[in-house]
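Chains as they are written, first to last, in the UniProt record's numbering: chain A, 1 to 246; chain B, 1 to 476; chain C, 1 to 189.
Honestly, the hints are just simulated from the structure, not real lab data. Do not rely on the hints blindly, as some may be mistaken.
Heads up, simulated DSS-like pairs for lysine-lysine below, C-alpha to C-alpha not over 25 Å straight-line [said to hold, decoys possible]:
no., chain 1, residue 1, chain 2, residue 2
1, B, LYS52, C, LYS4
2, B, LYS52, A, LYS53
3, B, LYS52, B, LYS412
Beta-carbon label-pair distances, calculated as ranges [claimed, not checked]:
no., chain 1, residue 1, chain 2, residue 2, range
4, C, ASP38, A, GLY161, 45 to 55 Å
5, C, ASP89, A, PRO168, 56 to 66 Å
6, C, ALA21, B, LYS412, 35 to 45 Å
7, C, PRO78, B, ARG186, 43 to 53 Å
8, A, VAL71, C, PRO22, 27 to 37 Å
9, C, SER115, B, GLU182, 45 to 55 Å
Ideal Cβ positions, reconstructed from N, Cα and C, are used throughout, including at glycine.
Here are the chains, one letter per residue:
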Amino acid sequence: MRIALFATCLADTMFPAAAKATVRLLERLGHEVVFPEAQTCCGQMHINTGYQKEALPLVRRYVRTFEPYDVIVAPSGSCTGSIRHQHKMVANAAGDSGLAAGAEQVATRTYELSELLIDVLKVEDVGAYYPHRVTYHPTCHSLRMLRVGDRPLRLLRHVRGLDLVELPAAEQCCGFGGTFAVKNADTSTAMLADKMRHVLDTGADVCTAGDTSCLMHIGGGLSRLRTGVKTVHLAEILASTEAATV
Amino acid sequence: MSTFLGMPVAHAPRGVGHLRGDEPFPAAARTALANPQLRRNLQHATTTIRGKSGRVIAELPDWQELRAAGSALKAYTMANLPRLLEQLEEKVTAAGGVVHWAADAAEANRIVTGLVRATGEQRVIKIKSMATQEIGLNEALEDAGITPVETDLAELIVQLGDDKPSHILVPAIHRNRSEIREIFLRAMPGVDPALTDDPPALAAAARRYLRETFLTTKVAVSGANFGIAETGTLTVVESEGNGRMCLTLPDTLITVMGIEKVVPTWQDLEVFLQLLPRASTGERMNPYTSMWHGVTPGDGPQNFHLVLLDNGRSAVLADEVGRQALHCIRCSACLNVCPVYERTGGHAYGSVYPGPIGAVLSPQLTGVEDNASLPYASSLCGACFDACPVKIDIPSILVHLRNQVPHPAGEKAVMAAAAYTMDRPRLYARAQRAAKFAKLVGKRGRGLPPPLNGWSAARDLPTPPAETFRDWWRGR
Amino acid sequence: MSSKDLILGRVRSALGGHPAAPEIPRSYRRDFPPADLDVLIERLVDYKAVVHRGADVAAIVGDIIGAGTLVVPPGLPPEWLPPEALLVDVDEADGVVTGAAVAIAETGTIVLDGSPDQGRRLLTLLPDLHICVLRPEQVVASVPEAVARLDPTRPLTWISGPSATSDIELNRVEGVHGPRNLHVILLEV
Numbered sequence: 001m002r003i004a005l006f007a008t009c010l011a012d013t014m015f016p017a018a019a020k021a022t023v024r025l026l027e028r029l030g031h032e033v034v035f036p037e038a039q040t041c042c043g044q045m046h047i048n049t050g051y052q053k054e055a056l057p058l059v060r061r062y063v064r065t066f067e068p069y070d071v072i073v074a075p076s077g078s079c080t081g082s083i084r085h086q087h088k089m090v091a092n093a094a095g096d097s098g099l100a101a102g103a104e105q106v107a108t109r110t111y112e113l114s115e116l117l118i119d120v121l122k123v124e125d126v127g128a129y130y131p132h133r134v135t136y137h138p139t140c141h142s143l144r145m146l147r148v149g150d151r152p153l154r155l156l157r158h159v160r161g162l163d164l165v166e167l168p169a170a171e172q173c174c175g176f177g178g179t180f181a182v183k184n185a186d187t188s189t190a191m192l193a194d195k196m197r198h199v200l201d202t203g204a205d206v207c208t209a210g211d212t213s214c215l216m217h218i219g220g221g222l223s224r225l226r227t228g229v230k231t232v233h234l235a236e237i238l239a240s241t242e243a244a245t246v
Numbered sequence: 001m002s003t004f005l006g007m008p009v010a011h012a013p014r015g016v017g018h019l020r021g022d023e024p025f026p027a028a029a030r031t032a033l034a035n036p037q038l039r040r041n042l043q044h045a046t047t048t049i050r051g052k053s054g055r056v057i058a059e060l061p062d063w064q065e066l067r068a069a070g071s072a073l074k075a076y077t078m079a080n081l082p083r084l085l086e087q088l089e090e091k092v093t094a095a096g097g098v099v100h101w102a103a104d105a106a107e108a109n110r111i112v113t114g115l116v117r118a119t120g121e122q123r124v125i126k127i128k129s130m131a132t133q134e135i136g137l138n139e140a141l142e143d144a145g146i147t148p149v150e151t152d153l154a155e156l157i158v159q160l161g162d163d164k165p166s167h168i169l170v171p172a173i174h175r176n177r178s179e180i181r182e183i184f185l186r187a188m189p190g191v192d193p194a195l196t197d198d199p200p201a202l203a204a205a206a207r208r209y210l211r212e213t214f215l216t217t218k219v220a221v222s223g224a225n226f227g228i229a230e231t232g233t234l235t236v237v238e239s240e241g242n243g244r245m246c247l248t249l250p251d252t253l254i255t256v257m258g259i260e261k262v263v264p265t266w267q268d269l270e271v272f273l274q275l276l277p278r279a280s281t282g283e284r285m286n287p288y289t290s291m292w293h294g295v296t297p298g299d300g301p302q303n304f305h306l307v308l309l310d311n312g313r314s315a316v317l318a319d320e321v322g323r324q325a326l327h328c329i330r331c332s333a334c335l336n337v338c339p340v341y342e343r344t345g346g347h348a349y350g351s352v353y354p355g356p357i358g359a360v361l362s363p364q365l366t367g368v369e370d371n372a373s374l375p376y377a378s379s380l381c382g383a384c385f386d387a388c389p390v391k392i393d394i395p396s397i398l399v400h401l402r403n404q405v406p407h408p409a410g411e412k413a414v415m416a417a418a419a420y421t422m423d424r425p426r427l428y429a430r431a432q433r434a435a436k437f438a439k440l441v442g443k444r445g446r447g448l449p450p451p452l453n454g455w456s457a458a459r460d461l462p463t464p465p466a467e468t469f470r471d472w473w474r475g476r
Numbered sequence: 001m002s003s004k005d006l007i008l009g010r011v012r013s014a015l016g017g018h019p020a021a022p023e024i025p026r027s028y029r030r031d032f033p034p035a036d037l038d039v040l041i042e043r044l045v046d047y048k049a050v051v052h053r054g055a056d057v058a059a060i061v062g063d064i065i066g067a068g069t070l071v072v073p074p075g076l077p078p079e080w081l082p083p084e085a086l087l088v089d090v091d092e093a094d095g096v097v098t099g100a101a102v103a104i105a106e107t108g109t110i111v112l113d114g115s116p117d118q119g120r121r122l123l124t125l126l127p128d129l130h131i132c133v134l135r136p137e138q139v140v141a142s143v144p145e146a147v148a149r150l151d152p153t154r155p156l157t158w159i160s161g162p163s164a165t166s167d168i169e170l171n172r173v174e175g176v177h178g179p180r181n182l183h184v185i186l187l188e189v
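So here's chain A without its partners, still in its complex pose (with noise of 0.2 Å):
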């Protein structure tokens, strides 16, 4: 299958890492993986922001970049989210009923990765291998909007050598939220700290998740306090195997 990635602006830039795991992955999984180099940035930033309208030229970005694709992949739940609930609202509130109709074609063709791995390309097993004591954080956004229930689990599950550990009271938010970490530092703050706590008392060395941004959040705290624990995306441990570990 030919699948277009949508790299995300955080992943594209801070951590390639993850983009660069995505594409491993799904060309090992035997598809052909492209790169639309006209992309930037989902917007959400902006529209979570309120600048929706300075969001306007970054949503028709992203649809005029991959109107062409029939299948779609960000390794991202919140991009993925903001893709699929507020690309079409961004659109009808600048009154551009044709861009809303193409923003929405263009969503229903978009996919957090493990919705792809899981509901197009069925499978659940993708070879992996990871030998680490691993807890995973479902991040609201893939939870709440997206709704990817087990999925990520699933895929863990049947990765060789992965020791996955429930993460406690993981569906409570790690305090990102974007900007909120900055406008809303100290309460940011409060709620990372529980995240980190659960994380720890979970004994894992990994802690992952599908979105780089929460993983940015929780992996900045862990590394300031020098836990020792460290943060890897869903898709760097799926595209791990023996020959090739991160």
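We have chain A already, so just place chains B and C on it with the hints.
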């Protein structure tokens, strides 16, 4: 009809009531977050209620269908509000009640104060009511020389403690049993000095203290959970029996009800009476629900006044996205599941409506400029939307309101520049490569300037990668 | 302009003409099997009501009230009262005996509607003990059935267990202002 179109929206006026805080949310939250007792009390209480509510909701196989019906009923009500309000007025009047219309808090306070004065009484007993808290009725009554006595246990704790409510359902949620005991020992006249902090003993102390007041006070003030347009029936949902006391014993009952609380038909209660208790206190049914129809000869108050309150609600209704905030049935489920509320408590929101629903309702009632920080008091995690028994899409309203808030100039410039860059891939790629120089801001971001230092106070910045994904892709 | 006209004018203006009102999806449960008395009992007991079953109401009432005083509504079936009952005014009564309008099994709720066997609302509020007699045909399974049976023009009191509060640390504590003891007698015929 057309003569009404174009009437200017009117927000809740300044200078009266409790919809505006003294400081922005982040500053108020900072104070609250530093209070370990508060943190523990909130964590314990919200965890308890989430568990209880989850268990009784799971007993109903049709919870989602009930939510859908509740949501549609509220949308139907808003779309037909003028007709339903007039119908309610007609039915209440026919049943022996008197209906008053209050355009804002000041008018509602004037009406209620005037009605109490006309009875010649100096004291009123009150049932916990968000509407009367919102308009600052207690202060208005006190200014008129009338003593309002809160009879709900949590409201009593707040009143005796000279405190502010911090939760829609449990205004004293920020207090634990030993703090409540201390407040009672300090401020409750005639309290037994040997009072323990055993909850039944605390409840019994409130029972003894208020008994005489119930029996001797001639005027009561209440809110209303539901007002049925079809029949004129008013409803108060409660637990302790203080509501029954207030609705039964006095000669005069004055009910202050927000205009959005009207419900089209009697049958519709079959939906709300299943949704509210399970979402609210986590009970299959709350201990007491009282319903009355105007005046019943020989039973209960013989004078009944219903005050219908706007106070900014019509302004909320004017916003097609935001108007669903008026669907709220005041269950407080969104507070109990909110990770922000759980840590900051209700006082940080400044308004009598705290938590996620407060963050969308208060700014709309006052106009966003008066509560500009509240739409940002959320990480948009979406737990509130899932918990809401009438499916109010709180995250979407928050995002919507953020577009109406006046933005700081610096932020506006950065956001515009970012959007400009991101719409130009070549410029964007150059900016990405420049991110490598982020190392200049100091080791792992510790040297970031405000407001970004809020991040780096507790979190390292990631180390920028040697090459972006885009560059890697090109080099393959 | 009156405040009524002002408010209604603002509301109409806010709605901008005739907004579409949705259909109400009433796909929630509305057809129920006959009420299960065991469910009612379980739910009543769960909320700390005491449940009795029997045909001899007077004997059960006598056992509950002992030497205490009672107040009764004017239309209470006389055979429900023990012959030795000490009847007094409401403000002196230890307990009250009433019938009911309807009971809901699923929620453990009794509803009073002020009929002659229940009396005015004050009667079941001031005494610390409420003994409520239920006939089997008064018990329905669900809230929708109860709403359908009740008359919204009467003063209604829905009672689910004794007076309680959740105001202290969000735990349910029985016994605040209303009756602290609720006994329900399920009449067996």
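Tested hints:
About 42 Å separates the Cα atoms of B/LYS52 and C/LYS4, which puts this hinted pair outside 25 Å; it is violated. Using a Cα cut-off of 25 Å, the hinted pair B/LYS52 and A/LYS53 is violated, with the two alpha carbons roughly 43 Å apart. Distance check on the hinted pair: B/LYS52 and B/LYS412 sit about 44 Å apart at the alpha-carbon level, beyond 25 Å; violated. A hinted range of 45 to 55 Å holds for the C-beta pair C/ASP38 and A/GLY161, which are about 52 Å apart.
Here the CB-CB span from C/ASP89 to A/PRO168 is close to 58 Å, well matched to the stated 56 to 66 Å. The hint said 35 to 45 Å for the Cβ distance between C/ALA21 and B/LYS412, and at roughly 39 Å that hint holds. Checked against the hint of 43 to 53 Å, the C-beta distance between C/PRO78 and B/ARG186 comes to roughly 51 Å, which is consistent with it. A beta carbon spacing of about 35 Å between A/VAL71 and C/PRO22 agrees with the range 27 to 37 Å that was offered as a hint.
Between C/SER115 and B/GLU182 the beta carbons are some 46 Å apart, a value that agrees with the proposed interval 45 to 55 Å.
Consistency note: the structure conflicts with the earlier hints numbered 1, 2 and 3.
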